[in-house]
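Student: Sequence positions in the sequence shown follow my numbering and run 902 to 1137.
None of these hints come from the bench; they were simulated from the model.
Incorrect hints may appear among the rest.
[As the list claims (entries may be wrong)] The following label-pair restraints were derived from C-beta to C-beta distances:
no.: 1; residue 1: G1004; residue 2: G1099; range: 27 to 35 Å
no.: 2; residue 1: V1101; residue 2: D1034; range: 42 to 50 Å
no.: 3; residue 1: G961; residue 2: V1100; range: 18 to 26 Å
no.: 4; residue 1: G1096; residue 2: P1029; range: 53 to 61 Å
no.: 5; residue 1: P1095; residue 2: K1007; range: 39 to 47 Å
no.: 6; residue 1: S906; residue 2: E1120; range: 52 to 60 Å
no.: 7; residue 1: Q1047; residue 2: V1100; range: 31 to 39 Å
no.: 8; residue 1: G1004; residue 2: G1087; range: 40 to 48 Å
All C-beta atoms in this analysis are idealised placements derived from N, C-alpha and C, irrespective of residue type, glycine included.
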Amino acid sequence: MKRLSVQKAETLASIFRSQIGISLTEPISAKTLLRKLNITAMYRPLSEDSYGISCKSKSGKMFMMINSNSTRGRQHFTIAHELYHLFYDESPTPHMCGGIATGTEKDANMFASALLLPKEGLLSMVSPEEAMDKRISLPTVLRIEQMYEVSRINLLLRLKEIGLLTEKSLNEIRSIPVKESAREYGYDLALYEPGNEGVVISDFGEKARLLFEQGKISEGHYVELLNMISNGSKQN
């Protein structure tokens, strides 16, 4: 696939939303989407400069690992970023998402921003005055980032990208402490903190149960497989 422009990324993200049955304005639940797409995912602590890992087998089975040390907003963006590699990368080799965005990484970032923060949805949440002045108020920023579950910096960059925020306004809001501002307006701070460590999204348990019911594995083997899932969820 050729390098993406902002417009092409938005078009691709809109097509993807349509294919998975999500409108052009509603927020995406990352975990629900992973289950819907049958992607095995694990949340594990990774190094500071690694946000996530994804790979795709020759049979089409997809796997993703998300850094549980990242904030939940960043995790959400990482999942959307890795979806680009899994579905649109011409070289779906094992891939690790880091902090440098060039080439395909830049394309994946643009796709993730457009997927999580659709232009139509953003326009529906800002006032005509804010849109015309290209100055989005802090209360509006908080409402949007909480609604779409993204980090503040990702939201601000997306607003600037689609012409709803000037560089000056972006820097003004960026200088405001994230957690402190959310707390002052009465929002839950979970979005801005790490989490989900040990969470596993997979149909492994369901398949193990089916094999047991079909008599293909013993009860002891079935319990052993379930313990593997449980132990994996407790590991750091």
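Student: What hint numbers does the structure not satisfy?
Tutor: The structure breaks hints 4, 5 and 7; every other hint is satisfied.
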